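Peer 1: Here is how the chains run, residue by residue.
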Amino acid sequence: MQLTNRSKVVSDKNMTAMEAAYLPAVIKGMAVTLKHFFMRPATTKYPEQTREFSEVYRGRHVLKRDEKGAERCTACGLCAVSCPAEAITMVAAERKKGEEGLYREEKYAAIYEINMLRCIFCGLCEEACPKQAIFLTKEIAPASYEREDFIWGKDRLVEGVEETKRIDITKRQDR
Amino acid sequence: MELFKVTIDNKTIEVPPGTTILQAARMIGKEVAPPAMCYYSKLKTSGGYCRTCLVKVSKGSEKDPRPMPKLVASCRTTVMDGMEVQNYTSPEVVEARKGVVEFLLINHPLDCPICDQAGECHLQDLSYDNGRSYSRYEFDRRTFDKIDIGDKIKLHMTRCILCYRCVKVADQLTPGRVHGVINRGDVAEISTYIENAIENEFSGNMIDVCPVGALTDKTFRFKSRVWFLKPYDAHRDCDKCSGKAVIWKYGNEIYRVTGRKDQWGEVDEWICNTCRFDKKDVKDWVEEGPRKIDRHSVISQNQYESGTKFVASPQTLPNKQLS
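These protein sequence lines are chains A and B, in that order.
Read the first sequence against the working numbering and you will find it ends at 172, with the numbers running on by one and no gaps.
Read the second sequence against the working numbering and you will find it ends at 325, with the numbers running on by one and no gaps.
If we strip away everything but chain B, and leave its shape as in the complex, we get (with noise of 0.2 Å):
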């Protein structure tokens, strides 16, 4: 099979045809690769709304070397041989990033204090990478209430950015649609069609998609912050997903069990919301050992090495309980 050359930030790679510019980013590695908040590589059709993944295609191809007349998004355009892309390397991407990143944020709460996504929250991420430290937003932000979404899930609209990814999990992982985005533009908002609970077995994976807040796990709500817990690779035996996931505990206690995610924060494999939700005895779980964690990450404060058993001391656990 043919394969295509492109440069990426001046890092060449062949790929094969039909591979986005992302894609082949990714290939490369972390340093040349665009963030990306909508896009993601497991779900069908998406990608193409946030705009983060911008980047300048400083020359065609081969046989039409002209640039490309605007900046493109990365997760949508295919590579062509010869085509050379700038991301980092062009300040006209890093600026227009910024940009991305005030329109993200104009109705974004920003009250990562009390969400509980905070640490591994992908737009606080992006903010803190490519954003700028101010707003020049005037107006009043919008607000919902916010709404459950069966009995697991609440939906807090306020924070969502409207990245569609888990309208795209109901629609791919879940027969029969109940979940999508109603209106248009600025009123735009996640709905359940009437407040319809989500009873598929499934649908705690759109807690894992969603990159911000918007959608958290309410068995976990306020329980703890994410970089106070310790992640362990678990499995166990199930009948409806494969049972491998990542069990977050506090102690000897599991405060919450989560899908594994690759280094692009992608779960690697959909788990049911039996495992999701129920099963927080650390007797249902064969602990494989401690999750590897970016040392230059929230979560991997506190360990201050990683693998070391963790030893429960008056310190690290509340010696009183909630009265």
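Next up, chain A with everything else stripped away, as it sits in the complex (with noise of 0.2 Å):
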């Protein structure tokens, strides 16, 4: 059976005077590599330069807070049962009094951890989120060398209250 027709019989005849004496052939390669020369390069310069990502990239995740700054998860726990690499885990406590401004709901996560390691990026978790309080977003998460760092809790997951610090997913609500 053909599936291609490149395919090239082997044959074990002698080779001809042109080919014994190789310097076409290797000619031939250098003229391949001279190519490449002015060709434009297939890499970036990162970090320098950043590749454009597409609009849905799903990179490292946020927990998003409601337009009053307080935090949207409520630790249901439906991000860490839909997670096929059970990357996340979390501990939920009660919202106390003169906490509202802190926390939406009336349970909250006192801990929540992602273990990047183990993270593969599929987005269920924010599939699964009832209360649109993760999200994954453009960036990537950084390389380290020590372990502990791909643990990432609340203090990294979190954005920031102030304006400047909110990290944009309006893209990936309107998918």
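Bear in mind the hints are in silico, worked out from the structure with no lab data behind them.
None of the hints are false.
Taking lysine-lysine and the DSBU-like style, the derived pairs with C-alpha atoms no more than 35 Å apart in a straight line are:
1. Lys148(B) <-> Lys128(A)
2. Lys65(A) <-> Lys151(A)
3. Lys151(A) <-> Lys282(B)
All values reported here derive from a predicted model rather than from experimental measurement.
Assemble the dimeric complex from its two separately framed chains, guided by the hints.
Peer 2: In structure tokens, the structure reads:
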């Protein structure tokens, strides 16, 4: 059965004088190499240059706050149960009186951790979230030398209260 | 004894006289049994409030084959010889049940992400199986303040669907009634008569019978979601109750203790408050093994194989304590 027309029949016949000289073949190879000097490079000079990402690129997570600055997450656990890599863990706590500005619901996540080494960035957590709290952003989860650095707690996941520190995820919501 | 032949969804069974349609359907199996929110076979005079178990009787009996004019509540209607009943095979019943679910959800807050009952909630299951995905109700839902019933039980009246199961528990398990439903209709609410603490040793069972998250265990409040816990059958020597319970573990820690529920979600044996609230140490219990959980249940999520020994790993244990 022939799958493509590019297959070549292997033969063990002797080389011609031209082939035995090798030089034409070497020149031909050098020509290919030389041609690539003048071609546009396929790589970019990261981190000085960055590629433009797709609108729906799935990078590191963010835990969103609502308009008033209160955390949206209510520690319902649906992200953790939907996570195929089991990267998410959380501990819930009850909101006390006076903390209404900090947490939107009466229950909140006291501990919320994502293991970025386990995470496969599939986006199922944001799909499962009933409170529009967790989103994947366009940022890349940075590399590190220490394994502990990849367990992200709320200090790195929750976005800042200030207007300038908010992370825009409107593109992901529009999908 | 004479047996009555009854056909439910084209499946025939012979049952003794006095059996209700719901009980007969449960004898046949899950595929024909109507759902029930208020009926509880272990509680006398329960049933007849929620209307989720409505069925169509297409043939009254052998002697009087006329169909019943309206849909009937199967938990309160007894079978007759030769009766033919339609449950899921009747589009009329399916449509009526949709309406009942919509009524039950009118005042229900749908705060499942916060509610401790989520994952084992009968109303959640019911609305997933039989309900609509939207509500036509435009008005404000009624809300109540949360009340502590005793020091171990929290009453979240907003979530209550007024099934009266907890009232029956209070009436039938405890001598002297301290807990009931006051007011009528739209403003009816569970009350303990001026927030009287329920001191009875078996009062914790009202948490188990509650089909929604209206009555919750304060010792388990917001501790974890039910699907992160692994249920084990366990027993202990108890002088007040049978001591047979289910312990819900996370790692080697017991988060809560409940009664053992059968396939209809009904508790087999009542357990006392000491077992339920105070015995949270693994040394208190003799483990019998992991509990069989239906693989479609969310509780069986994250348990790749039922019966595997739980292995604690850094991933599954919170490695930091609450500060």
